[in-house]
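Q: Starting from the given sequences, assemble the full structure and let the hints guide the process.
There are 2 protein chains.
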Amino acid sequence: MNATSQHTDRTSRPPGSLSRILPALALALTASAWNGAASAQGEAARTVPSRILPVPDSVSPALQKLIGQPPSLPPAIPKTPEEWKALVNRPPPPDFAQRFAEFCDKFGVAVAPQVFGGVRCYVVTPRVVKAGNRGRLLVGLHHGGWVGAAGESGLTEAVVIAGLIGYKVIAVDYRLLPDHPFPAAMDDAMAVWREVSKLARPENIGVFGSSVGGSMVLSLVQRAKREGLPLPGAVMSGSPWSDLSKTGDSYYTNDGVDGDLAYDGFWEAVAKLYADGRDLKDPLVSPVYGDFHGFPPTYLVTGTRDLLLSCTVRVQQRLLQAGVPTELEVEEGQSHMSYLVAATMDAPEGAELYSHIARFFDERLGR
Amino acid sequence: MNATSQHTDRTSRPPGSLSRILPALALALTASAWNGAASAQGEAARTVPSRILPVPDSVSPALQKLIGQPPSLPPAIPKTPEEWKALVNRPPPPDFAQRFAEFCDKFGVAVAPQVFGGVRCYVVTPRVVKAGNRGRLLVGLHHGGWVGAAGESGLTEAVVIAGLIGYKVIAVDYRLLPDHPFPAAMDDAMAVWREVSKLARPENIGVFGSSVGGSMVLSLVQRAKREGLPLPGAVMSGSPWSDLSKTGDSYYTNDGVDGDLAYDGFWEAVAKLYADGRDLKDPLVSPVYGDFHGFPPTYLVTGTRDLLLSCTVRVQQRLLQAGVPTELEVEEGQSHMSYLVAATMDAPEGAELYSHIARFFDERLGR
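One line per chain: the protein sequences are A and B, in this order. With our numbering, the residue at position 3 of the first sequence is 3, and numbering never jumps. With our numbering, the residue at position 104 of the second sequence is 104, and numbering never jumps.
Just so you know, the hints here were simulated from the structure itself, not pulled from any lab data. Warning: the hint list may mix true and false statements.
[To be verified] Only part of the chain B face toward chain A is listed, based on derived beta-carbon distances under 7 Å:
id: 1; residue: Ala44
id: 2; residue: Arg51
id: 3; residue: Ser58
id: 4; residue: Pro78
id: 5; residue: Thr80
id: 6; residue: Thr125
id: 7; residue: Thr247
id: 8; residue: Tyr252
id: 9; residue: Ala275
id: 10; residue: Leu309
id: 11; residue: Glu332
[As the list claims (entries may be wrong)] Chain B regions said to be covered by chain A (calculated; three or more residues, Cβ under 8 Å):
id: 12; segment: 60 to 73
id: 13; segment: 325 to 331
Computed from a predicted model, the values in this text were never measured in an experiment. The beta carbon of each residue, even a glycine, is placed where N, CA and C say it ideally should be.
A: Rendered as structure tokens:
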């Protein structure tokens with residue numbers, strides 16, 4: 001299976017003289033029009049000069065503050081398993097407990113640990129579960145690249161979603177690297193799904209996650225299909241790391257543009273550690289190469305600066321090819337997962353996105 | 001009205017200490033986590049170094065050929081009205097008629113000129129109007145930046161859509177620059193709409209267009225609402241030039257990345273010529289600043305490299321804010337309007353997009 005295997009089932013005619021001419025009809029003003037330069041050259045890489053990216057004035061002042069932050073740098077690549085462990089298990093800031101309590105209070109949720117399917121989870125319950133959502137549940141798979149966001153620090157999106165859209169959320173505290181490469185995290189997610197999908201009608205349950213959580217949402221559906229388990233009623237996959245290999249246009253176009261994520265170095269090392277010897281294009285670790293037929297309705301989110309813009313839109317293409325009802329929202333000016341940070345910072349774009357997610361789950365989940 | 005006016009009706013709390021802390025919860029591994037660097041700095045422009053963009057291997061070989069073409073250069077900016085006229089009226093290549101006939105034959109359509117509402121149009125009829133589409137019509141507004149694609153050379157998308165999805169299309173040959181700045185092209189489009197919306201039930205009629213055509217689609221709906229005219233049943237707006245001012249993130253992030261479009265220089269001059277003294281953010285010439293309430297279902301298309309990615313996703317945000325059923329499709333690796341070129345070149349991604357447009361109009365238009 002390779003990156004273009006998705007196209008093998010399509011009829012493809014070799015470009016003839018007509019094909020070489022017609023771009024001119026389309027673009028009318030391009031320099032290459034009618035002169036055949038295109039077909040003669042073909043498939044060349046291109047150099048983009050250095051340039052300055054201003055903070056866009058097409059977003060709210062609060063989001064401008066976030067976009068204007070200096071880019072964050074990834075940690076140095078750990079050299080030993082012990083160094084990986086030290087990174088993954090680094091202690092939270094001393095005032096974490098107080099800040100987390102304030103965060104939960106701000107979003108009006110209560111958090112309680114509970115085991116499902118033998119896996120540690122948190123039940124995040126809003127003060128008010130909205131009428132109509134009482135027979136419904138959401139399962140959350142957190143971000144953090146399998147090397148962070150353990151325990152309560154992985155509950156950001158679960159708290160935001162529970163609080164903003166009024167659902168009870170079961171958030172999975174799945175196992176992390178370096179001790180637990182693939183398939184440990186997915187095994188945990190599946191064990192939870194196996195049990196939770198008996199607690200309510202599966203079509204009443206939504207699954208959500210962002211970044212590796214977004215990728216795990218896709219893998220959960222693919223694996224549930226393979227294992228003959230019921231499927232959730234709808235899923236939200238935010239900026240999914242759907243391709244662990246450096247395949248996809250935005251790994252290059254948004255390199256250095258995304259303020260929070262770059263592939264070369266740290267995250268490439270994480271990808272290899274997680275894949276544990278598997279090809280990075282193995283559909284089990286890179287679900288964009290998996291099967292999307294029969295998926296429940298899917299909401300995808302990304303941003304114009306997201307390094308994983310292509311990881312997201314390639315999933316859209318596969319879903320559309322499979323005839324799955326799909327909604328894609330692209331956030332102006334936002335880097336990887338900025339929408340979640342925006343929601344925590346009271347940038348209006350954050351709450352707005354989650355209001356769309358609320359509408360989506362409300363329309364698509366059973367009751 | 002300015003670029004951020006869309007946010008004025010939202011509640012915005014000043015960022016407190018909690019807001020400065022919580023991004024750390026979200027990103028967990030960023031360098032700025034927990035150290036407050038963000039709020040201290042704020043709103044800084046950022047330099048992106050020069051880099052090489054490979055042709056993505058996540059698209060079909062045929063599309064790779066298109067993406068690998070050398071970037072097209074815009075013409076020099078004409079210095080006088082006569083030079084503008086010479087550019088706009090430059091003769092087609094000597095074999096245009098034959099090539100155009102082959103093009104129509106390839107897509108299985110017949111083309112006939114016909115006047116609607118006093119405006120020159122072409123009726124593009126497929127050999128087979130699909131069952132179910134016989135009481136339906138599409139109106140097409142072509143690309144070309146108001147300085148190109150006059151006459152039959154502006155029919156590319158109309159021919160592709162009529163042929164691939166089996167609808168009769170009325171394509172408007174609206175007036176162009178430099179003699180006819182705003183509102184001439186829109187006056188022509190509205191005159192056609194006024195007449196055509198009486199030929200079939202308006203809810204059975206779709207309107208489509210790309211680039212300036214995509215922008216005119218949005219303006220047509222906004223103006224029809226203002227003038228109390230019926231609205232189309234559904235619209236497709238491809239990579240709309242919805243903001244003639246250089247506002248929006250992708251004007252910068254995709255500058256030099258888009259192989260077919262750049263703003264500074266030629267297209268900025270076109271924007272000013274078209275606006276004819278109006279502010280480039282006037283909602284009459286930049287519909288992203290207009291009102292989107294009551295829009296019919298809307299299909300938006302853009303690409304990861306599209307200079308107008310932000311012009312497209314900002315329209316999505318406005319439509320979602322207005323509660324309009326909206327679908328956005330983002331094409332992997334594609335520059336401005338590459339999807340149409342792809343369709344003419346037999347890159348499978350092109351036909352695939354138009355099959356989605358077919359499904360969209362089929363679901364959304366009346367019969």
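Q: Confirm or reject each hint.
A: Each hint tested on the structure:
{"no.": "1", "hint": "Ala44", "verdict": "holds, 5 Å"}
{"no.": "2", "hint": "Arg51", "verdict": "holds, 6 Å"}
{"no.": "3", "hint": "Ser58", "verdict": "holds, 5 Å"}
{"no.": "4", "hint": "Pro78", "verdict": "violated, 12 Å"}
{"no.": "5", "hint": "Thr80", "verdict": "violated, 19 Å"}
{"no.": "6", "hint": "Thr125", "verdict": "violated, 19 Å"}
{"no.": "7", "hint": "Thr247", "verdict": "holds, 5 Å"}
{"no.": "8", "hint": "Tyr252", "verdict": "holds, 5 Å"}
{"no.": "9", "hint": "Ala275", "verdict": "violated, 18 Å"}
{"no.": "10", "hint": "Leu309", "verdict": "holds, 6 Å"}
{"no.": "11", "hint": "Glu332", "verdict": "holds, 6 Å"}
{"no.": "12", "hint": "60 to 73", "verdict": "holds (count 13)"}
{"no.": "13", "hint": "325 to 331", "verdict": "holds (count 5)"}
Violated hints, listed in ascending order, are 4, 5, 6 and 9; each of the other numbered hints is respected by the structure.
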